[in-house]
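**Student:** Letter by letter, the chains look like this.
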Amino acid sequence: MDKKIVATTSLAGCFGCHMSVLDIDERILDLIELVEFNKSPIDDIKTFTKHCDIGIVEGGCATSENVHVLKEFRKNCSTLIALGECAIMGGLPALRNNIPITECLEEAYLNGLTTKDNNPDRILPNDEEIPMMLDRVYPIRELVKVDFFLPGCPPTADLIWNALTALILGKEMDLPYEVIRYD
Amino acid sequence: MKSIVQNVLEKYNSDATRLMDILIDVQEDQGYLPPPVLAEIAETLDISEVDVLQTVSFYHFFSTEPRGKYSVYLNDSVVAEMMGRAKIAEAFEREAGCKFGEVTEDELIGLFDTPCIGMNDQEPAAIINGVIFTELTAFRVKEIVNGMRAGLSVEELRAQSLGDGMNASESLHSTVDNNIHKTGAVIFSDYDPGEALAAISKESLSPEQVIERVKASGVRGRGGAGFPTALKWEFCRKAKGEKHYVFCNADEGEPGTFKDRVILTERPNLVLDGMTVAGYAIGATEGILYLRYEYRYLRDYLEKILADMRAAGQLGKNAGDIKGFDFDIRLQFGAGAYVCGEESALIESAEGKRGEPRDRPPFPVEKGFLGMPTIVNNVETLCQAAKVVVKGADWYRTLGTSQSTGTKVLSVSGDCKFPGVYEIEWGFSVNDILNMVGAETGEVQAVQVGGPSGSCIASNEFSRILSYEDLATGGSLIIIGERHDLLKVVVYNFIDFFAKESCGSCSTCRALTMMYRKTLEKILAGHGKRSDVQAMLDWVPIALASRCGLGHTAPNPIVSTIKNFRHLYEGRIVNADETFESSFDLETSVAEANRTVGRKL
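Each protein sequence line maps, in turn, to chains A and B. Reminder that position 60 of the first sequence reads as 60 in the working numbering, one-by-one numbering, no gaps. Reminder that position 27 of the second sequence reads as 27 in the working numbering, one-by-one numbering, no gaps.
Hint data in this document are derived by calculation from the structure and do not stem from the laboratory. Mixed in with the good hints there might be a few duds.
Unchecked claim - Partial list, derived from the structure: chain A residues whose beta carbon lies under 8 Å from chain B: (1) Pro-125; (2) Leu-143; (3) Val-146.
Said to hold, decoys possible - Distance condition first, Cα-Cα at most 30 Å in a straight line; then the derived DSSO-like pairs of lysine-lysine: (4) Lys-69(B) - Lys-500(B); (5) Lys-69(B) - Lys-145(A); (6) Lys-145(A) - Lys-518(B); (7) Lys-75(A) - Lys-69(B).
Idealized CB from N, CA, C, for every residue including glycine.
Use the sequences and the hints to build the structure in full.
**Tutor:** Laid out in structure tokens, this is it:
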């Protein structure tokens, strides 16, 4: 059997979901028998070099760069998986969604306890190298079609393992109650 | 001198289960419920402030902030919209000088939206300080606001001829119209006050015999669900409890229905005798008529009738001359919450709590009001049962069809010549009814049967028969003409209504109503995909996981229009690309942040 090609990324996430991928422990040796990684922080490939079978996305979209990466994933991956709370619902970063972005920026750079006396020129970062901020944090399904959602913060290693192997081997997913946990 | 709050608390014996009455009385005196007053109420009732606040925050007519010396609640139901509500709202905003949801700076006038107030046959309509104003025009709005500025009383502001029938009576004195266009054999026929009780006493009927007679007649619940009435009574009679209770559900909140309002106006004694008969059948001593706050204007009228009944011996000790049967009735008002029409939510509300539906079982017939066996019957059901007791089951079975006996009172509104109330026998088709009410066939796009929680049918189903076996309905028919954009005007209004009225207790209902609304918004904005339409159908089984009927039926406006008017959805789908969402626009979403940091795209 040909190895399936997998890409992963973390958008507005904390990398906790990626840590959970690593929590499959020694099963990672079985995994590399089944898959080849392409663009992913796991092997540090920065851009897609071929079309992938499976794309795994952690985190929602908070910046223009997140949007760009997400769209690249959708274009280059046959199956797209939203991994964890932030990709599915926006998660912790989306706590800012009820506060106008201007207020968030002012609090972070002008009025916050650690910045108000240390930013005498009252600079708000606007270098063109820095991604642009979105008005709110978007769950990824509001931008692209998502094929599977794996919930949790982070999703358990067993959930990720079961889902991935089922998808790769074309089996039905084994998702007992204990595997779907939210913390 | 005692404070008004203390007087009110004393009036209700500082009984925490009467919290609704206490809050309503205080608010009517003070105009709103200031937090220190809530603290005082909590302390006297010996409950926590949060308990008081959670009840207050549940009902939309309660407010902890001033809502103006004159609080205008303008109906925003779909028929109001169809009858020109937008122009009236505009006129109010222009004349008053504030927006809806706000109070003028001098705190004179507050403008608020409110869902269907049960006046669909005389829209646009509003409630101002408890008084109903119907058939509003921009001219009337100007006159009303000028009157407010001149300090007139609400009664003076009304300056309109009194309504028909009992609306013009001294104790009611309302400009509301009944618009009864067809009377029938059961409800709008002759009835002498006390007749049903007299029948029991004359024939010496035992409670069991009363239940038998109602059972033989085949009367079923008229609220929409159609549960056999006698069976409910029998379960309750057999259930053990110190006391049994009869509730009459006059929380007529389903948008498009207003028949109970007319029945309570024209046949109050039939309703109240129906409650008394039910009380006799189940062994109750107390009946509670639960009315929605929108019908507060009926209070003095109904109180007077109750007083007359007591004077005539139809209530009280040995009520209706039936030895050993003591029974009395009191009124209970809600304060604006659609979900209270659900029987267990209604009971919670009558106990002074948030009107959140209970888990069932146990059903109210076993554990209802204050944990005691309770029946909750629709206004019309009780009338039907009372008439059965008077005229017999055989007579009753000659009316209607074999499965659906008796008559049904319909509330007809929307695009037709004669909106109003019609009492018909079960068994007529939708076409018959359209002919009856003066709706031009060929100009009717759709008929919403049974309100938003019912179904929206197209002309290919107009031959269906109104009955429990075919097209069951609580009685509301909204006729929607060809000129209206069905999805934008009607379906959106309904799903928005459910999103606002969901009590939020079940996450399935709380979240799904918002998801349906958002997805419809997306489709209306031209960003919909075929998979969005399919998704809305796929969510239905999840909605059924909710605790009560609101959650179960909330998808109906969308699901029934996808079924019967699929082309309207598909016609709005312009985005052929299923992979990317066209509703997301990068330029728009980064605009504010870029402006703030001074960056160009």
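**Student:** Are the hints correct? Go through all of them and say.
**Tutor:** So, going through the hints one by one against the coordinates:
Hint status for Pro-125(A): holds, given a least beta-carbon distance of 7 Å to chain B, under 8 Å. A least Cβ separation of about 5 Å between Leu-143(A) and chain B falls short of the 8 Å threshold, and the interface hint therefore holds. A cut of 8 Å between beta carbons decides the hint on Val-146(A): the least distance to chain B is about 10 Å, and the hint is violated. Proximity of Lys-69(B) to Lys-500(B) is assessed by CA-CA distance (about 26 Å); at most 30 Å being required, the pair is judged to hold.
Taking the CA atoms of Lys-69(B) and Lys-145(A), the gap is about 52 Å. The hint is violated against a cut of 30 Å. Distance hint between Lys-145(A) and Lys-518(B) is fulfilled; the C-alpha atoms sit about 17 Å from each other, no more than 30 Å. Between Lys-75(A) and Lys-69(B) the CA atoms are separated by roughly 60 Å; this puts the pair beyond 30 Å, and the hint is violated.
Taken one by one, the earlier hints fail for this structure at numbers 3, 5 and 7, listed in ascending order.
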